[in-house]
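Novice: Below are the chains, spelled out letter by letter.
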Amino acid sequence: MLSYVLRRLVVVGIGLLIVSFGIFYGIRRSPIDPANTMIPGGANAEEKARIHAALGLDRPILVQYGRFLHGAFTRFDFGTSYYSHEPVTRLVLQRVPVSLSLVLPAFLLVLCVGIPTGFLAAIRRNSLLDYSVVGAVYVIQSFADFWIAIVLILVFVVRIPIFPAFGRAGPTSFVLPALSLAIPLFGRVTRFVRAGLLDVLQHDYIRTARSKGASASRVYVKHAFRNVLVPLVTDTSMQFVWTIGNAIVIEEIFAWPGIGRLTINAIRLGDFPTAQLCVLFFAVMFMVVNLAVDISYTFLDPRIHYA
Amino acid sequence: MRHARLERALRRRSSRTRLGRFLGNRRLLLGLVLVAGIALVAAVGPYLAPDPNAIVLRNRSIAPFAQGFGQSPLGTDQLGRDMLSRIVYGARISLTVGVVSTVVAALVGAVLGMVAGFFGGKTEFGIMRVTDLIMCYPFTITSIIAAALLAPGIKTIILIFSAFGWTSYCRVIHGVALSVKQELYVEASRAVGASSGWILWKHILPGILPSLVVSATLQVRQMILGEATLSFLGIGIQPPTPSWGVLISTGREYLSTAWWISTLPGIALAVLILGFSLLGDGLTDYLNPRL
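Residue numbers (our numbering), protein chains in the order written: chain L, 19 to 325; chain V, 57 to 347.
One or more of the hints may lead you astray.
The list that follows gives simulated cross-link-like pairs (lysine to any residue, SDA-like), each with its CA atoms no further than 25 Å apart [to be verified]:
hint: 1; chain 1: V; residue 1: Lys211; chain 2: L; residue 2: Asn283
hint: 2; chain 1: V; residue 1: Lys178; chain 2: L; residue 2: Leu24
hint: 3; chain 1: V; residue 1: Lys211; chain 2: L; residue 2: Lys66
hint: 4; chain 1: V; residue 1: Lys211; chain 2: L; residue 2: Arg47
hint: 5; chain 1: V; residue 1: Lys178; chain 2: V; residue 2: Arg227
hint: 6; chain 1: V; residue 1: Lys178; chain 2: L; residue 2: Ile36
hint: 7; chain 1: V; residue 1: Lys258; chain 2: V; residue 2: Tyr342
hint: 8; chain 1: L; residue 1: Lys66; chain 2: L; residue 2: Val81
hint: 9; chain 1: V; residue 1: Lys178; chain 2: L; residue 2: Leu27
hint: 10; chain 1: V; residue 1: Lys178; chain 2: L; residue 2: Asn283
hint: 11; chain 1: L; residue 1: Lys66; chain 2: V; residue 2: Pro208
hint: 12; chain 1: L; residue 1: Lys66; chain 2: V; residue 2: Leu206
hint: 13; chain 1: L; residue 1: Lys240; chain 2: L; residue 2: Arg286
No lab work stands behind these hints, which were simulated from the structure alone.
One chain only, chain V, in its complex shape:
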């Protein structure tokens, strides 16, 4: 009796219940707060913020907090556009590109990985060789070259990222599928006469889901950073659309006069990436069974 009270008094999170582990995992919670926070801002912000493309030359290059918290709390850029609303719109772009590319890449990679791992033989050989061939080339330089060849825009970016991004999921899921295939319940299902499709759906898929979710959360960072890099170089999102990469790039000329144009979007970018890192690592701890 006294022990239970003591525990409650000390507010120790029970590491035995799912909720307890969830709430006790600081990284997971912090990551979730950051990501959800930014997602909320990105979703709701555009309805509350002034037009990010409204050029008001009278207000150009106002420093952050120069006018207090009322007007343009984060300052304006060289054309008088409000920095805060530009950053909020940029969050939308980064999140959209990041999440959509990751989802598509993860789906493609997971399906291919499952099929390769489960069926083996020539299918596995073919799929894994293609994966190896594409994985040879680093994501960044390949996406830069591809983006330079195609017409710039958000659709192109998502296409390129999905086309080159699925390979790491394929590798990981292939490995997991191989080990899940060995499990006794799969063999039992086979013995009872289950079809391959049924086994894949009911047994293999739940087995790969934790690894898939963790991989995806950590990969989103690459996509978000990739979009910022491409936009920065001028081959991704084009100005005046306020992607964070575009903002950082336009601000370069004004470093001596208006340093906040480049600096602030970069901080927002770092916070978003940090959020996903924490989320991904927290999920790894949470989803992997504690021995």
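Isolated chain L (complex conformation):
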């Protein structure tokens, strides 16, 4: 088990190096030039040369990468933003909790609404409730999350001014962004729970429990739902991590200072150090969560274990 984890960590490390070099190289080869964004109206050749020299961009890419790695490994310093002149690590660490404070409530909402809905739909299979839930979920999942956000703004900000249109201040400003994220997601959880439960309910041990006289709630909750929990937890954790990245559009609409918005603005402005660390942050997050989820399988389902 320990050797498996170590092997996976090595693969993660190599992957991160590949990603870091990929974004390092990619952004320097892209049409985006910090010189053009720093000087309004574009920079001429002389100004470009000066700015590039000042930022260290005139050195060969491998040299630049070497310096970046050196700073990263020795001092944990990933550079300074070209624009705000703050250490990039601080910038990123400031933004991450903001994104989390958006995604976390959204997910709680999704789970609180989605799990019971899927549960009920599975228990009352082929009833009117089941069909309407499945149908509604089907249709709702066809809408784009940014469109739902805009419609919510239209109804609850423009027409009936209850919630603020943007910004992140006060409890009311959390409602619309969290809802916009939650609505497209909840369909997936509902379908997952429903499908999982329907599958589990076919099994023999359910029949055994019923024939032993167990009450409906005991059968459904203790026996059936428990077995849906494992795949549900793993799928939800992956979704959670993905949503932190996908929240970028919602952050953009509601002007929240989150990590997604930082990433895209950094790339647009040519703020290389910030963009690099942001991309690296996402890479670390995805890889580590992947690994954590795989390891958690061994604890959640005793039948699985790695060599």
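For chain L, the structure is supplied; the task is to place chain V on it using the hints.
Specialist: Here is chain V on its own, set in the frame of chain L:
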């Protein structure tokens, strides 16, 4: 005799014939109607619709149906451009991006998946590890970052989507190829002396086609939504080209005065995605043998 008549009278679709199953599958039919309908509109519409980029400031911000069904039935935007023709042109863009990216990604993924599944060994290991590496990262955020790095435009979008989209096909086809490889007729072909290429073409390929078609139909949704998202963020299709994402984005400023600029394209987007969902799920039922 009476039973046959009764059946015909009740108009029950025979679930034994292919045509019967096709026509009786409501989701498949509805999905096909929606998708084909939108495709038809996208293909023919531009010849019938007024110029979507024609700015007529005198007609700006007219509400839908304010002038009846004759002029601008869906209203105009803030510059007087007709909403209906903008949405129709947008349908063209969404469908083009969606279908082309999916076809390319599916081809690449299917070929790699077949090769990996059929030949096994080091080839399989290499291909599947690369697939795992790319699949680690969610499609949306990766395509956003990639699109931000490259010059915006339809070609870039198709390139990015194809480059990141093939992995799910590879996974699925790899699995199917593995199971088809076990079939007796493959072993028999080998025994008779068929070459690998022949077996791949004649036996494996038909075996993976149903799964491929279903996967592709369901993946198109991701591509269409991805294009809309990228255009919305300003890193995909650029204004004034009327992609639905661009329309929704421009309409944001005018929510209080002209809400239809953002709302209507979003509905069109949802209908198209719903159509593909129905089509894909209907095809799953239709193509999988009923036991």
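Novice: Next, verify each hint and record whether it holds.
Specialist: Against the structure, the hints:
no., hint, verdict
1, Lys211/V <-> Asn283/L, "holds, 23 Å"
2, Lys178/V <-> Leu24/L, "holds, 23 Å"
3, Lys211/V <-> Lys66/L, "violated, 29 Å"
4, Lys211/V <-> Arg47/L, "holds, 18 Å"
5, Lys178/V <-> Arg227/V, "holds, 16 Å"
6, Lys178/V <-> Ile36/L, "holds, 22 Å"
7, Lys258/V <-> Tyr342/V, "holds, 22 Å"
8, Lys66/L <-> Val81/L, "holds, 20 Å"
9, Lys178/V <-> Leu27/L, "holds, 22 Å"
10, Lys178/V <-> Asn283/L, "violated, 42 Å"
11, Lys66/L <-> Pro208/V, "holds, 23 Å"
12, Lys66/L <-> Leu206/V, "holds, 20 Å"
13, Lys240/L <-> Arg286/L, "violated, 51 Å"
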